[in-house]
Amino acid sequence: MSERHTDVATPAESLGPLLDSIDLMYETGWTDGLPVVPPTRERVKQFTDVLSPRDPGELIAEIPPLGGNATIERVAVNAVMAGCLPEYMPVVVAAIKAMVDDRFNLRGVQCSTGIHTPLVIVNGPIAKKLDINSGYNCFGQGWRANATIGRAVKLVLVNLGGAFPGETNKSTFGHPGSYTYCMAEAEDASPWEPYHVELGYAAEDNTVTVFPAEAPHNVMYHAANSRDFLTVLADTMCTLGNVQMYVMGSTCVVLGPEHARMLSEDRWRKRDIKTFLFEHARKPVRLLRHGGPPVGDSQRSHLWPRFVDADDDDQMVPVVRRPEDIHIFVAGGAGGPHSAYLPGWGSRMVTEKIQEA
Amino acid sequence: MVNTPGERVQEQLRRWDILAANDPGSKSKWQAAARLGSLHGKTGGFLGNRKDNANPLLLAIRELLDKQFELSDSLVINKFIYSRPAADNIVDALSERCDFVVTAIAD
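Each protein sequence line maps, in turn, to chains P and X.
For the first sequence, counting from 1, position 265 maps to 264 in numbering that gives the first Met the number 0; every step adds exactly one.
For the second sequence, counting from 1, position 35 maps to 34 in numbering that gives the first Met the number 0; every step adds exactly one.
The shape of chain P in the complex, shown without the other chains:
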């Protein structure tokens, strides 16, 4: 029988307090249902120090609907809980700042009965520096940065915004992205300029883009005809159940590297793709009367583009008001003949420059 050293804690014993503190965090009501890292003052300071000399008490935003003050320190607390590394802080802070832009309509995003949840997309060199996945399984599990940056954002929205399910968060279903929803654009795999450069940022700038998105809808296309592929994609975008057909706003297309390369080799530019999708992702007024808000809803005539005559059954209604409301990213693993369509919810996509200390 081996001798036991009673003055040295066994691994199980030394983990005891940690496990107790994780259980305690459940009792606070501040978790998303998964265990969180206890945000000790010492650990939180490591996170706020990343943004030094900024004051930890600096207000980033008031988070609706409750209006909790998201200071740097409170964002750090939630980032610690999510399992972030300290160096993720600039991305989390920029995402929070972007979401309170009026175009994003965060109050509506937080309280709606819809299924959307904020997606965070990172562009620029920081994506590689932080190892934010943009390739295989980029919407799925496996990368700490994706998992925890997205989760930190969601914890801030609930703990400081008060959007508790069934209370002010009236989402009928929610979706798995409500736990975390974060990826980077695969800039190296893209045949075009990165998304943030398209917006006018420098390639060496780092940006975060936020968008209230449904879960990704897969678009499979195995052949090699660009026009056929875009026709398939357009059809996926304009289903009668897609809320965007009735409320417009920004919408999001994530092209897999294979599809992006095919389109580029056929000399399609991003703006050509947007124009094609704008012209083909359409449904006639006659069919749209079967879906969305109740028949005769006065919303339709003032949310659809002006050129649509809502009284004419044969008029074709596009999924967005303008081609530039279709936002295109390149991401995903190589070799798969897949792209993804992410319907929005009537809000605008918002991009914020990431400020590193």
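None of these hints come from the bench; they were simulated from the model.
Each residue gets a CB set at the ideal place from its N, CA and C atoms; glycine is no exception.
Among the hints, erroneous ones may be present.
Below, computed lysine-lysine pairings styled on DSS-like, alpha-carbon distance capped at 25 Å [to be verified]:
| hint | chain 1 | residue 1 | chain 2 | residue 2 |
| --- | --- | --- | --- | --- |
| 1 | P | 96 | X | 66 |
| 2 | P | 169 | X | 26 |
| 3 | P | 96 | X | 26 |
| 4 | X | 41 | X | 66 |
| 5 | P | 169 | X | 28 |
| 6 | P | 169 | X | 78 |
| 7 | P | 96 | P | 127 |
Computed list of chain X residues with no C-beta within reach of chain P, every gap over 12 Å [stated by the list, open to error]:
| hint | residue |
| --- | --- |
| 8 | 4 |
| 9 | 18 |
| 10 | 19 |
| 11 | 20 |
| 12 | 33 |
| 13 | 59 |
| 14 | 61 |
| 15 | 63 |
| 16 | 69 |
| 17 | 75 |
| 18 | 88 |
| 19 | 93 |
| 20 | 95 |
| 21 | 96 |
| 22 | 98 |
| 23 | 104 |
Away from chain X, derived, C-beta distances all over 12 Å, residues of chain P [unchecked claim]:
| hint | residue |
| --- | --- |
| 24 | 12 |
| 25 | 57 |
| 26 | 101 |
| 27 | 203 |
| 28 | 230 |
Given chain P, work out where chain X should sit, using these hints.
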């Protein structure tokens, strides 16, 4: 809602030097308006959300309240769209002219 842990949990948090993830101060930002003693003779505001089923219900409620409480006046006004908060000028008009407001939500 602000999730404020009970005293026992708060004591534990202090003991482990764990910081709060919420903003306890946000609770005081939102308080219900003082309740009216009666609706008799008051001016009612009725804020519609432009949803087809919500607005008829809202107008029916207005009629019912008017009949029961003989409202002195009423103001019916629609938001631009259901998903956004009412614009400031709408909120200002309601708060300046009305003693109480009924708001339509959902459909």
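- Message: If we take the beta carbon of residue 4 of chain X, is the closest beta carbon in chain P still more than 12 Å away?
- Response: violated (5 Å)
- If you draw a straight line from the CA of residue 169 of chain P to the CA of residue 26 of chain X, is it 25 Å or shorter? Measuring from Cα to Cα gives roughly 20 Å; hence the hint holds.
- Message: For residue 101 of chain P, is the shortest CB-to-CB distance to chain X above 12 Å, so the non-interface label stands?
- Response: About 9 Å separates residue 101 of chain P from the closest Cβ of chain X, which leaves it inside 12 Å; violated.
- Is the Cβ of residue 95 of chain X more than 12 Å away from each Cβ in chain P? The assertion about residue 95 of chain X holds, with a minimum of 23 Å to chain P.
- Item | Agreement of residue 96 of chain P and residue 66 of chain X with the hint, judged by alpha carbon distance not exceeding 25 Å | violated (48 Å)
- Distance rule for residue 59 of chain X, whose beta carbon must clear each one in chain P by more than 12 Å: The assertion about residue 59 of chain X holds, with a minimum of 16 Å to chain P.
- Message: Using Cβ atoms and 12 Å as the threshold, tell me whether residue 75 of chain X really stays out of contact range of chain P.
- Response: holds (14 Å)
- Are all beta-carbon distances from residue 93 of chain X to chain P longer than 12 Å? Holds, since 18 Å exceeds 12 Å.
- Query: Is the nearest CB of chain X more than 12 Å from the CB of residue 12 of chain P?
  - Reply: Fine: 17 Å to the nearest Cβ keeps residue 12 of chain P off the interface.
- Query: residue 20 of chain X: least C-beta distance to chain P exceeds 12 Å?
  - Reply: violated (4 Å)
- Is it correct that the beta-carbon of residue 19 of chain X has no partner in chain P closer than or equal to 12 Å? Not fine: 7 Å to the nearest Cβ puts residue 19 of chain X too close to chain P.
- Assess, step by step, whether the Cα of residue 96 of chain P is no farther than 25 Å from the Cα of residue 26 of chain X, and give holds or violated. With Cα atoms ~22 Å apart, residue 96 of chain P and residue 26 of chain X stay inside 25 Å; holds.
In summary, the numbered hints that this structure violates are 1, 8, 9, 10, 11, 23, 26.
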